[in-house]
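In the order they appear, the protein sequences are chains A and B.
Numbering-wise (numbering that gives the first Met the number 0), the first sequence opens with residue 0 and increments by one.
Numbering-wise (numbering that gives the first Met the number 0), the second sequence opens with residue 0 and increments by one.
Honestly, the hints are just simulated from the structure, not real lab data.
You may find that some hints are simply not true.
[Unchecked claim] Covered, in the sense of this in silico footprint (three residues per stretch, anywhere, with C-beta under 8 Å from a C-beta of chain B), are these stretches of chain A:
1) 126-135
2) 139-147
3) 171-183
4) 293-304
[Stated by the list, open to error] Residues of chain B placed beyond 12 Å of chain A at every Cβ, according to the derived structure:
5) Gly30
6) Pro40
7) Ile69
8) Trp93
Owing to the predicted nature of the structure, the values given are computational and were not obtained by experimental measurement.
Glycine residues also receive a C-beta, built at the ideal position from the N, C-alpha and C atoms.
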Amino acid sequence: MQRMMSRPLFWPLTALLLLLVVSGLFNPGFLSLQWRDGHLYGNLIDIANRAAPLALVSMGMTLVIAVRGLDISVGAVMAIAAAVAAWTITRLGAGNGSGLLPLCAAFGAALGVATLCGLWNGLLVSKLGMQPIVATLILMVAGRGLAQLVSDGQILTIYYAPYAYLGKGFLFGLPFALFVVAIIFLGLQLLLNRTALGLFVRAIGENPRAAHMAGVRASTITPALYVFCGFSAGLAGLLVSSNVSSADANNAGQLFELDAILAVALGGGALAGGRFSLAGSLIGALIIQALATTIYSSGIAPQVTLVVKAVLVIAVLLLQAPRFRSQVMSLLRRRAGKSA
Amino acid sequence: MSNWLASRVRTPGTLSLMVTMSLFVGLSLAGGVRYPGFLAPQVFMNLLIDNAFLLVVAVGMTFVILTGGIDLSVGAVVAFTTVLLATLVQQHGWHPLAAMALALLVGGAYGASMGLMIQRYRLQPFVVTLAGMFLARGAATLISVESIGIDNGFQSALAAVRIPLGGGTFLSTGAVASLVVVIGATVVARYTQFGRTVYAIGGNETSAALMGLPVGPTIVRVYALSGFCAALAGVLYTVYMLSGYSLHATGLELDAIAAVVIGGTLLSGGIGQVPGTFFGVLVLGLIQTLIVFDGTLSSWWTRIVIGFLLLAFCLLQRLLVSRKAFQ
Numbered sequence: 000m001q002r003m004m005s006r007p008l009f010w011p012l013t014a015l016l017l018l019l020v021v022s023g024l025f026n027p028g029f030l031s032l033q034w035r036d037g038h039l040y041g042n043l044i045d046i047a048n049r050a051a052p053l054a055l056v057s058m059g060m061t062l063v064i065a066v067r068g069l070d071i072s073v074g075a076v077m078a079i080a081a082a083v084a085a086w087t088i089t090r091l092g093a094g095n096g097s098g099l100l101p102l103c104a105a106f107g108a109a110l111g112v113a114t115l116c117g118l119w120n121g122l123l124v125s126k127l128g129m130q131p132i133v134a135t136l137i138l139m140v141a142g143r144g145l146a147q148l149v150s151d152g153q154i155l156t157i158y159y160a161p162y163a164y165l166g167k168g169f170l171f172g173l174p175f176a177l178f179v180v181a182i183i184f185l186g187l188q189l190l191l192n193r194t195a196l197g198l199f200v201r202a203i204g205e206n207p208r209a210a211h212m213a214g215v216r217a218s219t220i221t222p223a224l225y226v227f228c229g230f231s232a233g234l235a236g237l238l239v240s241s242n243v244s245s246a247d248a249n250n251a252g253q254l255f256e257l258d259a260i261l262a263v264a265l266g267g268g269a270l271a272g273g274r275f276s277l278a279g280s281l282i283g284a285l286i287i288q289a290l291a292t293t294i295y296s297s298g299i300a301p302q303v304t305l306v307v308k309a310v311l312v313i314a315v316l317l318l319q320a321p322r323f324r325s326q327v328m329s330l331l332r333r334r335a336g337k338s339a
Numbered sequence: 000m001s002n003w004l005a006s007r008v009r010t011p012g013t014l015s016l017m018v019t020m021s022l023f024v025g026l027s028l029a030g031g032v033r034y035p036g037f038l039a040p041q042v043f044m045n046l047l048i049d050n051a052f053l054l055v056v057a058v059g060m061t062f063v064i065l066t067g068g069i070d071l072s073v074g075a076v077v078a079f080t081t082v083l084l085a086t087l088v089q090q091h092g093w094h095p096l097a098a099m100a101l102a103l104l105v106g107g108a109y110g111a112s113m114g115l116m117i118q119r120y121r122l123q124p125f126v127v128t129l130a131g132m133f134l135a136r137g138a139a140t141l142i143s144v145e146s147i148g149i150d151n152g153f154q155s156a157l158a159a160v161r162i163p164l165g166g167g168t169f170l171s172t173g174a175v176a177s178l179v180v181v182i183g184a185t186v187v188a189r190y191t192q193f194g195r196t197v198y199a200i201g202g203n204e205t206s207a208a209l210m211g212l213p214v215g216p217t218i219v220r221v222y223a224l225s226g227f228c229a230a231l232a233g234v235l236y237t238v239y240m241l242s243g244y245s246l247h248a249t250g251l252e253l254d255a256i257a258a259v260v261i262g263g264t265l266l267s268g269g270i271g272q273v274p275g276t277f278f279g280v281l282v283l284g285l286i287q288t289l290i291v292f293d294g295t296l297s298s299w300w301t302r303i304v305i306g307f308l309l310l311a312f313c314l315l316q317r318l319l320v321s322r323k324a325f326q
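Work the whole structure out from these sequences, hints included.
Given below as structure tokens:
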């Protein structure tokens, strides 16, 4: 038991399971799964599907935070990617019968622009030595303006079936978005665990100076992680806009930067850098979505979600703080001493 | 005189302040050349009237940033204050002044509790104030989801006050209040022990502590000040809009941070001035006014231009700081 509790994924997983069990107790039928029209239906599938964009963004955020960085422009990058994809599809006049070429063009353009956004952030942080918050603040402020520039201030509606498949389609009875998340996750796991990259990322996060002395090339790795973060935000933007068949420059990806940071913290990643867990962040994203779905389906006002999230962040932060832990520990010990 | 000027120019803060002021003057002149009526005195008075709440928030933010911290909760605290005031006045029959006093207390206490967590448990200001932002917005929506209009006689009278300045120009009560805040904050930052401690913490927290300065209490006070300023801005916003709404002032924290940076304050702390923030806010307001006067430019250009200015000023500061480090 002791050994299980010290496993890094123990607490996030326990929190997720507890949340699901409690919702199952309060809403009978919450946990049921059904097979209908060749698809799997149910709240659990719904939670996973809705959490997919956040899961993608959280993975990018995890790696950036792991090297003592932060990317608060992800929400704006999502809006830009969605606007670029919608713009490309409208420009090409793609309808339902126009094949897959417009789809490839839209994906290429959107992900290309998102990757460039990531590169921009990475260069500002790594080459110019700006603080990550400041560097990404620039794109966060300007990004939604750029997205509106692309979409001309309109909410672009997309009438093109292949595009909708990304966010609404099913493969082998499961939402297609889940496969996108799984592929990115497995690819990253391979890259981080089968090569030395994972070690380098941890080294830079734990002690940038020592990593530099040991010959870790932070000046290449750090920008690359920001590039990936931009890419994953772009992909998340595509998922969101495909799910609602439109691109809204003002509201797509709103507050995603905050949720992604919360997901990283909930998953056990150290916000000061170094320790990180991609699987943990995925679970963190699932916890956030499970919370929102639970609150929504149990008839509590959805505004409560914000308050609950705030309390969660504070609780997780305090539990991560050494001084708070030692205070609580000494308090517990005193109690134990008195009762004995 | 030239010696004094030279020594002033060499300190990075002052040079940034001069750049911001010249930017303001340059933008005004450019506007005056392109658009007739742009240089009318009332245009500049309106800058103050329309940005009074942003100015007050940005002043509080300046102190936080000077210590090397950041406060992301300010926009949400403004929204919470407007909802609190509107509910108390409209639905519980409080006198507006009593409600305002309570709102200011709540804002200050809210900031102080965030400061306490940041200081005591060494938590990152970014994340703590982020949680504070969620909490304040959530609390505002819990009080009321819908926008609450205010038709209290005193409140409306306050909103209608026009303080004449001669030559047909006038200011609102909010604008005057924000000017008082700017002057007060400038004095506090320059001539009090609290102000000097703030600069010392931003310069090097460890040295400040070793010098025996009250680092811990000052950090808590700085966040309390920012919360108080945000609540005061919420009061001004309520008078300006005559309504309380949980979605008021979304993204205000970004505008405030942008104004502080454009005003020449270093985000790493220790360098910057309150008057710089004043001009930073005016520059932001001026960009908006320019776009309104032009009439053909779309509103999203504001965001893009602010982003560009942020970049320019960050680069300028990097340049100044690295030059200082080499000397």
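Checked hints:
no.	hint	verdict
1	126-135	holds (count 7)
2	139-147	holds (count 8)
3	171-183	violated (count 0)
4	293-304	holds (count 4)
5	Gly30	20 Å, holds
6	Pro40	30 Å, holds
7	Ile69	7 Å, violated
8	Trp93	23 Å, holds
The earlier numbered hints that this structure contradicts are 3 and 7.
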